[in-house]
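As you go down the protein sequences, you meet chains C and D in turn. Letter 193 of the first sequence, counting from 1, is numbered 193 in my numbering, and no numbers are missing. Letter 124 of the second sequence, counting from 1, is numbered 1124 in my numbering, and no numbers are missing.
Read the hints as simulated data drawn from the structure, not as lab findings. Predicted model only: the values in this text are computed from it and were never measured. Worth double-checking, as some hints may not be accurate.
[To be verified] To give a feel for the contact side, a few chain D residues facing chain C, derived at Cβ under 8 Å: (1) 1055; (2) 1056; (3) 1059; (4) 1063; (5) 1067; (6) 1072; (7) 1075; (8) 1086; (9) 1092; (10) 1095; (11) 1099.
Here a beta-carbon is modelled for each residue, glycine too, at the ideal position from N, C-alpha and C.
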Amino acid sequence: MILGAITWQALADGLGLGAIYALMAVGIGLVFGVLRLVNFAYGQLIMAGAFALAVAAERGWPRWAGIALCFGVVLTLSFAMERLVFRPLRAHSPAVMLVATFAVAFLLQSIALLWFGPLGKIASSLAELNQPVTIGDVDVRKITIVSIVAAVACLVSLLLLLGRTSIGLHMRAAAMDFQTARMIGVDANRVIGAAVLVSGLLAGVVAVMLTVQTPLVTPDFALRDTIVVLAGVVLGGMNRLLTATLGGFAIGFVSGVLGGALPTDQSQYLPSFLFVAVILVLLVRPGGLFARGRDAAVQRV
Amino acid sequence: MPEPALELRDLSVRYGAVEAVRGLSLVAERGEVVGLIGPNGAGKSSTLHAIMGVVRAAGGEILVNGASVRGRRPEAVARRGIALVPEGRRIFADLTVEENLRLGLAGRASREGVDDDLTWIYSLFPVVQEFRKRTAGALSGGQQQQLAIARALVARPDVLLLDEPSLGLAPTIVDAVFEALAAIRERGVTALLVEQRAQRTVAFADRTYLIANGELRLTLTPEQADDTSTMVAAYLS
């Protein structure tokens, strides 16, 4: 019955949301790769970027200035987080770092609440990207096309960075075995800095895309998306960037398609349905849906 | 007289209350191969890890070409001209052989002469050149060991630290590893060779330090390689 309700429009929406979630998954996966840290504050970085866009729109700044402010805020916060939290704590246990990212997440959310209030602000400067264009018989929102193009461009750029440059090679090596990488001369601070920079840039891109989809920016902006993406990353397989990205895309795609296909009174249960599905998949494939070989093997206790 | 390539003065390493290395002093002059042998848990790997900055030295001094590297981060030690061939190879299994070699450049002070060095390394380990496009994880244990040594040599180190390079290898492969070490010695690279194969190491190295319970027990010359009773006594002391 649900399958019958899936339209080309819903599939296009799914692709658009999948593209955005894939970028978030890469942003989370990059930092996890080098620090073995799930950055729960990633959504708050996106929220801060979204507020930057909203403030710029409110003050009548041109679009480019709003986008520049968004990236400036997200990158500044990313580097502050790395310098003040990740770097001093990176020798500590994963649990300590995890709790620290929770603290940062709540701190940023509280600051947003104090500065902008619970009702938030409207980021309207890019609202026209919600206008549809007709491709064949299907009306597709411009933002869907922009999201897909932006995601492809970002992922191709990232592939080139990781595959063709020294810093990319160092990042891949560090993600596999950071201690050995350091012992052969790979600079830990440089690698982590690069991962945080790329992760921050992706958060900036996502902030722009999400504010078009959801122009009302509140302190909990992107929080739900981040939780869904984290589930997607775990679903895909956290140990590899590719599987994490596929997981992010998959959960975004399914979320977008079903969100478009289901009536409103049913779509509110979609997150619950998704999380149940994630648990069921992980029971069958604990290493992740897309993990292969030794990555798929998980020690049971 | 030039400073020794590597010198440990009264080095101590602690893990909590356990003292793994106690007041160890040793010297490796330039171009020497120095052995470090001892039973399991003697403190051999801890010594290498302290030199590399992976564990903090509780006391003493670590000098490379006369300059202290104690307390430095591992990458800073690597860039001071120390390259480690870690126990268990620890190659990057998902990267290609060539990418593993390129990683060795991270510890190299200058890119000058890289091509010449690679030619020499490939002549030393033809299999590394032959399989350079393959995923490193697909290599056999012996081939991975050769890759690990090749990766360390790409850094053109002043001092090469080898942590049990023959561990788990077939006898013919062990012979190949020692042949490669002989060629590395001829090139003038200083090496600190940690090994379980005591007799072979003593015969091969210019000088071998035997440690037990974290302390220096004996200093052996190649002429003493057959003096197994002395070595056994020191192992059991």
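Self-check item: Per-residue hint verdict: residue 1067 (chain D), partner chain C, C-beta under 8 Å
Solution: violated, 17 Å
Quiz item: Hint check: is the beta carbon of residue 1092 (chain D) less than 8 Å from a beta carbon of chain C?
Solution: holds, 5 Å
Quiz item: Does the nearest C-beta of chain C fall within a distance shorter than 8 Å of the C-beta of residue 1056 (chain D)?
Solution: Violated, about 11 Å.
Quiz item: Is the shortest C-beta separation between residue 1086 (chain D) and chain C less than 8 Å?
Solution: Given a least distance of 6 Å, the restraint on residue 1086 (chain D) holds.
Quiz prompt | Per-residue hint verdict: residue 1055 (chain D), partner chain C, C-beta under 8 Å | solution = With a minimum Cβ separation of about 11 Å from chain C (threshold 8 Å), the hint on residue 1055 (chain D) is violated.
Quiz item: Would the stated hint for residue 1095 (chain D) survive a check requiring a Cβ distance to chain C of less than 8 Å?
Solution: Since the shortest Cβ distance to chain C is 7 Å, the answer is holds.
Quiz item: Taking 8 Å as the limit, does the beta-carbon of residue 1075 (chain D) come near enough to a beta-carbon in chain C?
Solution: Holds. Min distance 5 Å.
Quiz item: With 8 Å as the cut and Cβ atoms as the points, is residue 1059 (chain D) at the interface with chain C?
Solution: Because about 21 Å separates residue 1059 (chain D) from the closest Cβ in chain C, which is outside the 8 Å limit, the hint is violated.
Quiz item: Does the interface hint hold: is residue 1099 (chain D) within less than 8 Å of chain C, judged Cβ to Cβ?
Solution: holds, 6 Å
Quiz item: Should the interface hint for residue 1072 (chain D) be scored as holding, given a Cβ-Cβ cut-off of 8 Å against chain C?
Solution: violated, 11 Å
Quiz item: Was the hint right that residue 1063 (chain D) lines chain C, CB cutoff 8 Å?
Solution: violated, 19 Å
Hint compliance for this structure: hints 1, 2, 3, 4, 5, 6 are broken, all remaining hints hold.
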